[in-house]
Amino acid sequence: MRHITKIYPNGVLADNDVTFEVRAGEIHALVGENGAGKSTLMKILYGMERPTSGQIILRGKPVTIHTPHEAIALGIGMVHQNFMLVPSFTIAENIVLGAEPLRGAFVDRRAAIAATTRLAQEYGLSVDPEAVVDAVPVGMRQRVEILKALYRGADVLILDEPTAVLTPQETHELFAAIRQLVNAGKTVIFISHKLREVMEISDRISVMRDARMVGTIDKREADEHLLARMMVGREVFLDIEKPPAQRGPVVLKVRDLEYATEAGVEVLKHVSFNVYAGEILGIAGVEGNGQTELVEVIAGLRAPLGGVIELDGKSIAGLTPREVRRAGVAHIPEDRLTNGVAMTLSIQENLIVDRYAREPFTRGGLMRPAEIARNSEALIEQYAIRAPDGTLPVGSLSGGNMQKVVVARELSSRPKLLIAAQPTRGVDIGATEFMHEQLIKARNAGVAILLVSADLSEVMSLSDRLAVMHDGRIVAIFPDARGLTEEEVGLYMLGTKTMTPAEIERNW
Amino acid sequence: MQATLPTAPAFDRAAERARVQQERRRSAMIDFSVTLGTIALALLVGFLVMLIVGKDPLLAYSSLLSGPLSRSNRTGRWIEDATTLIILGLSVSIPFRARQFSLGAQGQMFIAAMIAAVVAIYLPMPPVVAVLLPLAAAMVVGFLVGLLPGLMKAYLNANEIVSTLMLNAVIVLLYDFLLTNVFTPPGSQSLRSELIQPNSMLLRLTAIFGVNLGRANLAVLFVAILVIAVWALLNRTPFGYEIRTIGANEKFARYGGINTRRTIALSFAIGGAIAAVAGAHLVLGVHQRLIPGIAAGLGFEGIVVALLARNNPLFIPITGVFYSYLRVGGDIMEQEAAVGAEIVQVIQAVIILLLTAQVLVDYVKARSRRARSVSCAA
Ligand SMILES: Nc1ncnc2c1ncn2[C@@H]1O[C@H](COP(=O)(O)OP(=O)(O)OP(=O)(O)O)[C@@H](O)[C@H]1O
Ligand SMILES: [Mg+2]
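Protein chains in written order, with the working numbering: chain A, 3 to 510; chain B, -1 to 376.
Be aware that a few hints might be false.
Covered stretches of chain A, as calculated for chain B (at least 3 residues, CB under 8 Å) [what the hints assert, rightly or not]: (1) 10 to 20; (2) 164 to 178; (3) 192 to 204; (4) 327 to 335; (5) 345 to 352.
Dumping the calculated SDA-like pairs for lysine to any residue here, alpha-carbon to alpha-carbon at most 20 Å [as the list claims (entries may be wrong)]: (6) Lys244(A) to Lys221(A); (7) Lys221(A) to Thr263(A); (8) Lys249(B) to Glu23(A); (9) Lys249(B) to Glu325(A); (10) Lys249(B) to Arg304(A); (11) Lys221(A) to Glu23(A); (12) Lys249(B) to Asn185(A).
I should point out that these hints are in silico values taken from the structure, not numbers from a laboratory.
Note that beta-carbon positions come from the ideal geometry of N, C-alpha and C, so glycine has one too.
Same shape as in the complex, but just chain B:
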């Protein structure tokens, strides 16, 4: 017996590794197809809802699905919205990766828009500088506005959800007050600031391509750079490693020698600086002035975009483009088919619910594995 016992083959690392990699590819494929399937399913559910309540579901649906591509200016709207949402998604993903639920992007955008506008309206500057300086000023302020709740969380353990929401409320009130009492020129008919100086206006795509692309502007090129920068920050810098480690296990991070407080506070601040880019985009690229509620509701759409991408900066452009398509399509459906905004929201909600249901993905994976092993056994 003794002689025959120790004959089990040694652990074969190469074979194990090959199997693990194959398994991983398969699992990524399933992830992707489940996402596609979910979208189809959500659109179907939306269609059913519309069948029940709508007058002309086919018209409504075709305007939702093809709306953003039906006219060039609508495509422009889609590009413009996607730009903002992607930048916002990137901003949110940074504190989220450290497991800090900062909801401050909303307020950071408002205050950044205001700062960018002040510089771009009142400070005469040569070209290029006239874009970079307002942007930089906005980012500095966004950084500081993010840092505050970050410090409060890191050093005083103040709940970040509460502090960021309060800060948002304060900033929005301040914005409204200053817009009404300071920035709107006396005698103006409507509540809005002057236009920013022409040097500060981001070049519109309409001017480049000669087709009407609405307010979409050069910022869209900047997005690609920002995506790579955030990806690199999270995955290729010590700071990103600190963020991800804290997000995975804060005690371990501390034990290992990471300055957890500093990193947590900075994750809020850097998120704030990036949200400020989105705010500056609204002023320098989209509206070219301050208008009431310039960033209203956008902060939360940014969170959706980040969550759909599971806080992975490389997926955020995809989810941002997809989600803004749905937003713009929804608006068009509302106009063309006289479908209430509620239906659009229902469809959006269904998609988000289904996509965030990780359970579903796991279920499909488990099913497919079982099916496979049964067929192997047979």
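With the rest of the complex left out, here is chain A:
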């Protein structure tokens, strides 16, 4: 890709004279801060966006790619940052969608399943061809996306932040599959914010910053610190340092909490724990073991079946999200696109959803645009949200910057309890460092923090105490997260080890 420039219709310059070269058969990592233009560059290669100027050269020949269709015909496949599967279709149906094997006028289901199984075996990407997408975990959905691209004959595979939603085990499996793909002669472009992964998997690494290509280096010449410096333009501290916790009184008390889905599946089984003022309680666990539901029940988005939830001694169980917020709870939701933002509203408006009716944003029944703008200017500045103007719709921000909007709003609400679900998912290292600092600052100021993260190293290094969830239960609470090893925690996560109820209760 030569001298690619892209200006979006709203005037945002996403890529500025970017030249990017990938060699056949390599694993090429593309890294850079949120909003640097990585996804845009890849969407151009995949024909989803057209460059304002510039040229794409594939196997020595200049090509024009106007639609994903043309990209696929040229052997380019892409797995997006936000998945694009049909949730109500089976996995096999999704994989063959758009190029279905036909028998007469009908889709040949058996052929679809056979093709899926064959591809899955060939590349070591295990999926259940007959399961409905809606019902399978994210890790499998992602393998489906990859298989889908392979099914259509992709030689060059673009993976946009594939590991952001994966557990360490799943990441491991994905990397094994990527290596297998490359051995089979494919080329992989891999976007990630996790430098450890980049160093582990890639052959060469390109760094983007502020819509420009900073440079491409060989993995052998690189290390995490150098990459971080290239991305951010300054030294980044990758290790978390925090003073010892000054633990205060209990802020959140959860006892025997139960929750079941409408279909009657028990998801939370007698969950009990405390979160104290001035500490971070981390919750580790393989995704899908009740963490999502736990967070949403506490935040008032789902009604519990039974049990106690108290904030500062007052029950908040079964209250509406509004009442829960009033009581002093802030919530960084796991799924920012569904819950965390309204894409078509402006950044300004997204930043006040929990406080629009209060001073200074509303006075005498009227909202005050100047105050709303001031709030957003301050938060954009403070959280380094890459947006030229607070009046732009949130939907035009890059993934990581949307996340910053959510975090900025929730942290600035001065909560007693902050529930942070995957707070740094998809966020670049500079911003991750910043958010970690903010979380620790809040904790030092006496906020009780409940942290849920699929990133095991993140929960382990950030938390003061660590609870592990497995199959809807708390199976362990470690009174001191320091000195634990990932392997040890992993055993609890998989359910092979559990603490006794008495031991857990001692650590509530």
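Please build the complex by placing chain B with the ligands on the supplied structure of chain A, with the hints as guidance.
Below, chain B with the ligands without anything else, positioned relative to chain A:
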């Protein structure tokens, strides 16, 4: 290599912002010219249709295009119709902004007309009060009639399209029944109520300007206030913020602490209260009594006006004035050139189709951008 790498310039917010604003102005200009172009195109299509079927297309077309201005009483008709349509458009825009497809304006207008008439006919009142009280009574009833499907949607998740349409049917039947059996004085030749008391009649513009402006009346001044009020409600009050947030992403609204059920129900109710203003206008300003089918078909014209304005209260006066011009012009064409009402409807439909085709606007924008970037590159 290391030394040369981190040299990309920092994100320049001021420059970015200037570019974004310039881009926005350009895009607004394109929006506007595309709208104008669409109207011209639709008129052309209408002309072609008329060439094929009509006897005297030139006469017909000139009466459509200049009809509402050709005589003062026709201009009056245009003013009167625009008044009603703008109020209706405003009414519809409120639930629409919350993404609630309330189609209840039709019934709300009928029942409001009836309530306003009852008060204005039977309850003796001093001047001014005689206007305000029937209006207030109509608005209260409109509010309640709107609230019902609103509550059903918010708390029982009953489909609002179905419930509002059913309610409309019931109200229209009730209106016909009461008009025939209760409001029409015994021995009357035609089916209509008595006139409202003179104190309740809105002053006609004819009386002010001394030229015959038909039934156009003082309500037209009230429209300006209402436009600003609805704009302010949507854009400057917490309630408006709640409505727009729900319209943008209901889950987000709930997560953020908005009482979504209450807001949804209220959006229907406030729409109902404003539709009632339109209904009261028909009685106090236009007909000065109840007549059969007093608001027939108007509810849907209000939806068109709101949609053409993309539910933006500040554009609704423009689309309302434009659309009523077309309606009145169409009527005149029908009379003068003996063109069937169908042709008029075809022209109206073409305009609406073209204008609502957002795709077209986006296409033109993309084209112009490409043309521009090519010329930059050259
Ligand atoms: N559809 C769009 N319309 C307008 N602007 C956009 C659009 N998509 C992205 N942008 C803007 O373009 C810039 C680059 O976005 P892009 O998504 O390429 O970033 P990224 O490097 O992938 O970031 P992240 O790591 O956060 O995913 C951002 O400033 C973003 O706000
Ligand atoms: Mg991206």
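For each hint, the structure was consulted:
1. Closer than 8 Å: that is the beta-carbon criterion, and the segment 10 to 20 of chain A has 5 residues meeting it against chain B, so the requirement of 3 holds.
2. Figure legend: the segment 164 to 178 of chain A, annotated as covered by chain B; annotation inconsistent (0 residues with Cβ-Cβ distances under 8 Å, at least 3 required).
3. Beta-carbon proximity to chain B at under 8 Å applies to 0 residues in the segment 192 to 204 of chain A; the threshold of 3 is not reached and the given coverage is violated.
4. Counting residues of the segment 327 to 335 of chain A whose CB lies closer than 8 Å to any CB of chain B gives 4, which reaches the minimum of 3, so the coverage claim holds.
5. Here's how the segment 345 to 352 of chain A fares: 4 of its residues keep a CB closer than 8 Å to some CB of chain B, so the rule of at least three is met and the hint holds.
6. With a CA separation close to 31 Å, the supplied pair Lys244(A) and Lys221(A) exceeds the 20 Å bound.
7. Between Lys221(A) and Thr263(A) the alpha-carbon distance is near 47 Å, which puts this suggested pair outside the 20 Å criterion.
8. As the CA atoms of Lys249(B) and Glu23(A) are separated by approximately 42 Å, the hinted pair breaks the 20 Å bound.
9. Straight-line distance between C-alpha atoms of Lys249(B) and Glu325(A) comes to about 16 Å, which keeps the hinted pair within the 20 Å bound.
10. Taking the CA atoms of Lys249(B) and Arg304(A), the gap is near 12 Å; set against the 20 Å cutoff, the hint holds.
11. Under the criterion of a C-alpha separation no larger than 20 Å, the hint pairing Lys221(A) with Glu23(A) is consistent with the structure, at around 15 Å.
12. For the hint pairing Lys249(B) with Asn185(A), the CA-to-CA distance comes to about 45 Å; that exceeds 20 Å, so the pair is violated.
Of the hints listed earlier, those the structure fails to meet are numbers 2, 3, 6, 7, 8 and 12, in rising order.
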